[in-house]
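> Sequences and hints are given; from them, build the entire structure.
Number of protein chains: 2
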Amino acid sequence: MINVVKIGGNVIDNPPALEAFLRDFARLEGKKILIHGGGKEATRMSESMGIKANMIDGRRVTDRATLDIVTMVYAGLINKRIVAILQSLGCNAVGLTGVDGNVIPATRRPAKPIDYGFVGDIDPAKVNDKFIASLLEEGAVPVFCAICHDRQGTLLNCNADTIASSVALGASRIGETRLTYCFEKPGVMTDVDDEGSIIPLITPASFEELKEQGVVSAGMIPKLQNALKSAREGVKEVRICRAEDLLDESKGTKIISQ
Amino acid sequence: MINVVKIGGNVIDNPPALEAFLRDFARLEGKKILIHGGGKEATRMSESMGIKANMIDGRRVTDRATLDIVTMVYAGLINKRIVAILQSLGCNAVGLTGVDGNVIPATRRPAKPIDYGFVGDIDPAKVNDKFIASLLEEGAVPVFCAICHDRQGTLLNCNADTIASSVALGASRIGETRLTYCFEKPGVMTDVDDEGSIIPLITPASFEELKEQGVVSAGMIPKLQNALKSAREGVKEVRICRAEDLLDESKGTKIISQ
Chain V
-1 MINVVKIGGN
9 VIDNPPALEA
19 FLRDFARLEG
29 KKILIHGGGK
39 EATRMSESMG
49 IKANMIDGRR
59 VTDRATLDIV
69 TMVYAGLINK
79 RIVAILQSLG
89 CNAVGLTGVD
99 GNVIPATRRP
109 AKPIDYGFVG
119 DIDPAKVNDK
129 FIASLLEEGA
139 VPVFCAICHD
149 RQGTLLNCNA
159 DTIASSVALG
169 ASRIGETRLT
179 YCFEKPGVMT
189 DVDDEGSIIP
199 LITPASFEEL
209 KEQGVVSAGM
219 IPKLQNALKS
229 AREGVKEVRI
239 CRAEDLLDES
249 KGTKIISQ
Chain R
-1 MINVVKIGGN
9 VIDNPPALEA
19 FLRDFARLEG
29 KKILIHGGGK
39 EATRMSESMG
49 IKANMIDGRR
59 VTDRATLDIV
69 TMVYAGLINK
79 RIVAILQSLG
89 CNAVGLTGVD
99 GNVIPATRRP
109 AKPIDYGFVG
119 DIDPAKVNDK
129 FIASLLEEGA
139 VPVFCAICHD
149 RQGTLLNCNA
159 DTIASSVALG
169 ASRIGETRLT
179 YCFEKPGVMT
189 DVDDEGSIIP
199 LITPASFEEL
209 KEQGVVSAGM
219 IPKLQNALKS
229 AREGVKEVRI
239 CRAEDLLDES
249 KGTKIISQ
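These protein sequence lines map, in sequence, to chains V and R. Mapping the first sequence onto our numbering, position 171 (from 1) lands on 169, and the numbers just tick up by one. Mapping the second sequence onto our numbering, position 127 (from 1) lands on 125, and the numbers just tick up by one.
Honestly, the hints are just simulated from the structure, not real lab data. Please read all numbers here as calculations on a predicted model, not as lab measurements. There's no promise every hint is true.
Note that the list lumps identical chains together, so a pair holds whenever it fits in one copy or between two copies.
What the hints assert, rightly or not - Derived DSBU-like pairs: lysine-lysine, alpha-carbon spacing no greater than 35 Å straight-line:
no. : residue 1 : residue 2
1   : Lys234    : Lys128
2   : Lys50     : Lys38
3   : Lys234    : Lys50
4   : Lys124    : Lys249
5   : Lys234    : Lys249
6   : Lys110    : Lys209
7   : Lys249    : Lys38
8   : Lys50     : Lys183
Structure representation (structure tokens):
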């Protein structure tokens, strides 16, 4: 079983929580891959340099200055910090972007209707599973941030959840793959204030119902769409859980394709 | 033959020169490895963030804030820019630090007599040649910046010339290796203002003479020491030349061990 794990920004912003999570990740047996988000460090960095976030409809635009900052913070600072901690735990991490070894080619998102700048979309079929397979065979543990490229020399900022599902689909062409999204909540909940309201299982049909009833929060919808797509297209197990529950498979929300 | 090439800061600071150099590098046949320095981008970044360089005897101290900046700029911005350009040229570059795959473990430099902060020294015998060999076998082109780690979770800023000679020594355990230091001068010169004064060949004996006569500039001495050490310990060919002369082996200064 290949474990593909995504860790989100809130954990990355909290050094003791990150270290505890990485200890658990290092204990996962067998082949494994980590994908990490960005956290608030890029925003802090922009602010300290006097670069203002450029937002359209509440979404950040990746202009040239922002692209430089996210490349520095995600591919440099956060990725290498995580790799150094994993190495200190005896886990043979190799930090990568989608550019390295052309593992994850992307396509720049069209400028119409809204120009989000240097933002890329990914076709999971193009994930270079051969390179991933050879790293896993060597006993290496790839650690990806969400920086990709257009193969013409331009870096692109991508969505880390999408990277996770794309890499998991690439890995599923190598062997049975389990995808776990770790974040700050214990799973998908019907009531965000009640930790007892976790939905243990989501299917495509129940997702549609939850969406119609307005039960799933706006932020969860793309995450669940990524999860359902992964399950439908070949990832054996998909789970959304709290970072602390990585090693306890009974916790969180499982997503299945039927 | 494995080509190990070091490219220095002045070329990195000049985008058209960098792109021209990378085009030549991409044309080098066979197995190859690139090591890049940092350029002035880290200094500019520090200044824009109001972080003052902390210098002792004209040498920069890598305090925590500086370590974060060099990690971001070298491992993030510059490394990924170079990898994206090489990928666009059909060269299957994989950007790495010494941390990734524990390729280059380092030791933090003792705080006495002078505490340079998070600075590391390297033992070439510890370079992970197996990981390098497996990447080269896959047809990948490793691209290293000079960030390493102490294996305890702490990143360390290292000297890129030393990384180049250490990686070349590691590569020489895999196969015959040629090390080329590319910089802004046409080679080692007896008169820095006269490009006709290039010294075509340096041996350990002639290096001692040149040093005694004060002919070699202070900045060239550590570079030549690295070059001589590489030649003595197993690198078949060592050359110092201008970036533009990478593909013309008749140019520059050759360094041999006897």
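> Next step is simple, just say for each hint if it's right about the structure.
Results for each hint:
| no. | hint | verdict |
| --- | --- | --- |
| 1 | Lys234 x Lys128 | both (20 Å within a copy, 33 Å between copies) |
| 2 | Lys50 x Lys38 | both (14 Å within a copy, 24 Å between copies) |
| 3 | Lys234 x Lys50 | neither (42 Å within a copy, 52 Å between copies) |
| 4 | Lys124 x Lys249 | within (32 Å within a copy, 42 Å between copies) |
| 5 | Lys234 x Lys249 | within (17 Å within a copy, 58 Å between copies) |
| 6 | Lys110 x Lys209 | within (27 Å within a copy, 63 Å between copies) |
| 7 | Lys249 x Lys38 | within (27 Å within a copy, 49 Å between copies) |
| 8 | Lys50 x Lys183 | within (30 Å within a copy, 40 Å between copies) |
This entry does not satisfy hint 3, going by the numbered hints stated previously; all others are met.
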